[in-house]
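S.K.: From first to last, the protein sequence lines stand for chains E and H. Here the first sequence stands for residues 1 to 829, where the numbers follow my numbering. Here the second sequence stands for residues 830 to 1012, where the numbers follow my numbering.
Think of the hints as simulated: they come from the structure by calculation, not from any bench. Quantities reported herein were computed from a predicted structural model and do not represent experimental measurements. There could be a bad hint or two in this list.
Once the Cα atoms are required to be at most 35 Å apart in a straight line, the calculated DSBU-like pairs of lysine-lysine come out as [as the list claims (entries may be wrong)]:
1. K1001(H) <-> K757(E)
2. K650(E) <-> K131(E)
3. K916(H) <-> K523(E)
4. K650(E) <-> K592(E)
5. K555(E) <-> K523(E)
6. K905(H) <-> K1001(H)
7. K670(E) <-> K502(E)
8. K131(E) <-> K449(E)
9. K757(E) <-> K905(H)
10. K916(H) <-> K757(E)
11. K916(H) <-> K761(E)
12. K905(H) <-> K761(E)
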Amino acid sequence: MTDDARSEDTCSDTARTDGGAAAVKAVEAEEQPAREKNVGQPLKRKEDNRLTTGRGRYIEDLEPVPNLHYIAVLRSPLAHANIESIDASAALELPGVKAVVTGQDVAARVKPFPAAVQNPSNAYYPIAVDKVRYYGEPVAVVVADDRYRAHDALEHIRVSYDRLDPILDPEEAVEDDAPQVHEGGNVANHRVLEYGDVEAEFDAADHIVEERFEYPRTAYPPLETYGVIADYDDGQDTLDIWANFQGPFSLHAVTTAVLPLPENRITLRVPSDQGGGFGVKCSLYPYMVLLSAVSMEAGVPVKWVESRQEHLLASSMHANRVQYLEGAVDDDGNIRAIRFRQYDDYGGYVRPPEPGATYRPIANWQGPYTMNALGAELFAVRTNKCPTGPNRGYGCHLHYFALEGLVDRMAETIDMDPAELRLRNFIEDDAFPFESLTGGLYDSGQYEKAMRMGLEAIDYENLTTESDDEDTLVGIGMAAVVDPQASNMGYLDVALPKEMRKNTKSGALEAITVIVGPDATVKVDLTDSPQGQGHETTVSQIVADELGVPFDAVKVNTGIDTSADSWAISSGTYSSRFGTIGHAAVAKAAGKVRDQILTIGAHLLGVSVDRVELRDEAVVSDEGDAVSLRRIAGTTYWDPQQLPEGVEPKLAALSVMGMNQATAVTDDDKVNSSMTYAFGAHFAVVEVNKRTGVVNIRDYVTVHDPGTVVNPLIVRGQIEGGTFHGYASTFYEFHEYDETGTLQTDSLMDYAMPTIKERLKMRHEHVETPSPFTEIGSKGTGEAGTQATVPALSNAVRNALIQADVDLDTLPITPDRVWELLHPSETDD
Amino acid sequence: MTAEQYTSTVTVTVNGDEETHEVPDRKLLVHFLREDAGCTGVHQGCVVGKCGACTVVVDGTPMKSCMMYSAQANGKEIMTARGLGPKAEEEGVALEDDGDMLHPIQKGFKENHGLQCGYCTPGFVLSTYGLLSENDSPSEADIDAAVSGNICRCTGYNSIVDSIEWAAEELKAIRADTGAADD
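Full structure from sequences and hints, please.
M.R.: Given below as structure tokens:
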């Protein structure tokens, strides 16, 4: 069904809006076919005419203030060194160079960022102050009147370094004699958590299955890099920042906390379009602070658009992880418990919202499986690598790579089909809402139905790993994941033991404003900065249904102005949250406006409000009398005397929505770390070429349950894109450092982003189990694909390789690695 | 002398309008188009010729504008994504959509959800324009070859292939209906 198929019928209305006598027009209600609902339709995106014609407005396109200067950043060529001296005198003599700002200058103006870890000897500034801790760390900033001139000047700054040994391996970094990234040890955070009697379950189990998993440094760099403009106005003592920041706005609080101005003097503006985010742009805030300090120091507004090389080497990556996972399983396939010890490598600084990669998945550590106990020992470690931050799947794809790998190994141990083992242990439909061992509240799901749908789609019953070609190994893999959305503000509190927690946090808010203007057009102000998720379209669908207006009549304003918009501390488009809480807040705000319209409409019709309904742009009474929305709007704003007593003359509502399920951490370390929990199951059939190590994907099926689907086109796009990212980091994309800590993958010549030739063809199945917790039942769907793809594909390749007695427990699965695994004798030195 | 002191007067025709600017010889075409000619729909993603976000059509051929100095474009005709609709109108193949005149390629991306953030999209539609100018019935392999120099981070590409196939069929159908190809 397309938008063309929508009913064209609308209530006719000839009334003027000039406040004249109320003209009530009778309509034959029964002859008006109801307008078809917009929610659920694959409507074409409102954004696309603008974006396909190059009329998007991205950060680089903005020159919001006069006298803009440009900056270039001098970066450390060493992973670990003390800075002995910086001599910028030659650079300052170049034409057009206004200033050179160093770490000492910045540290005199801003405070170090706060940290959410136990061992805070961290002192994280947006630029190195006296020591560099990763390759590419900013060391000095040139301010010039031209982008090219700023870059020229970098070559004229002399920095003297005292080189130190780098530490790069997270397991080695916890040793006492390891080089110290910061004083006080490399372990920033350490916790031992236990839910249920883990020891007893392991003692009682028929089998204990163990495996070590290693997940490398990955990233999903967006095509548009960072951009920041900062303008400190010393006359007003105000600071204006423009940046393509994707939220969460809890990091805006982190940003403003370190600047020497109160929050009401700092304005952040985010443009309406962003060229991708994938979590990476949450980590833009250090540069917002850096440019603010530079603008203060240089006395001019400054602009910076990050180069691709800068982005790859020093913006943000996902933490790499070493995980030792153990499963306790019985002969009959009952999974009793799991426990794990993991080392998360956060690089040179554990910066907010880290160590989120460790704790964000806490509520869904057990995945879709019932079990009796769960134990975890967690290390957040500092090394001499780029600092980390959220990346699509945040923490979960790493966890599921290991957990789903372990499930396959448990199945092998007890000689059971891996699909059968999963089905046996799934949480059953009637158990929802289901409280996980760690405090998660899974809202809804039909895991078995979704799984069986996928098994049928891939024709699992008839699949075989037998190959008629002796050079080819065939593998079958699957993975099932519980995907958390709209993260709780409070999950990071688990990083501290209860006696160290000062102020816990709860909730996950979103603020949305819906306004019906005097001409009855509808405007929605989001405090979100979409990066391609089609907010303008899905919001229009929801609001059109709530207010009974056409889809095209709704104007959605994206982008943020913190001085003008009503925003919430967790606003932003991240953690798959817009589909969950964003949509819910939109529906709620529109519902409030709808109530206002009905109240005023009923009054104008002279009937009680329970006798009217809103449809086809009119309030219609049960007797068929109608007053148009345009008439109601006109009366409200132009002739408020006609309104019922006590009703404010406005058709506008702000919804600052929280969800009560998002409670603060309990004393026994339980937390519901997300608002809703979707389900995804992926299935893969692969062929491994023994002679070349190349993996070919023969078939790929996804099954997702994202609750109510608002726009199937957009949901499918999110699943395809998320799946593609998981696929990319399984086979292609990863960040590689050499033994000196020098990044080897700092351009698109080395960092292997897949092109159209490497695309993954896939088929999709859907289950819709609406969330009972959200206004319209929708959940997020941006990250589930990523979380399920990595284990499904790695399990499939491993399933092929074990036929040649080769195991696989690390990524990426590049042809040379596969070849080396298959030909150990030829690769031994 | 420093590099910036060598300048040239560059004249190019961008989407039908002549643009003349005195620019440093080292200035890349992508920066000339964005900063001097006001074409902010030309995006830069990598500046090493790998991502294709900055693709423009130079004298009929898609080129990566980060791989050319602006002086090398002197005297040439350039089309950006902004110019594609007017070009389609000129050729009699434009499709009206919500008040805009879109090229069937642009419409194809919209119909098939071939874009999400839209940052790579101007480059993709212009590479596709190059393909469909030479080949009105491209195979999947032809499509892969024509746009493998453009990177998309959002879609996973399957919907882009659908978009291009849709556009090729639509263009052929319009031309068959109107005889536009014979003009």
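S.K.: Does each hint fit the structure? Answer for all of them.
M.R.: Status of each hint after checking the structure:
1. K1001(H) <-> K757(E): Cα-Cα ~25 Å, so holds.
2. K650(E) <-> K131(E): Given that 35 Å is the threshold and the Cα spacing comes to 57 Å, the pair is violated.
3. K916(H) <-> K523(E): Distance of about 34 Å is within 35 Å: holds.
4. K650(E) <-> K592(E): With a Cα-Cα distance of about 11 Å, the restraint between K650(E) and K592(E) holds, given a limit of 35 Å.
5. K555(E) <-> K523(E): Since the Cα atoms of K555(E) and K523(E) sit roughly 5 Å apart, the hinted pair holds (cutoff 35 Å).
6. K905(H) <-> K1001(H): Given that 35 Å is the threshold and the Cα spacing comes to 28 Å, the pair holds.
7. K670(E) <-> K502(E): 17 Å, holds
8. K131(E) <-> K449(E): 55 Å, violated
9. K757(E) <-> K905(H): OK: K757(E) and K905(H) at ~31 Å, within 35 Å.
10. K916(H) <-> K757(E): 29 Å, holds
11. K916(H) <-> K761(E): Within the cut-off at roughly 33 Å; holds.
12. K905(H) <-> K761(E): 40 Å, violated
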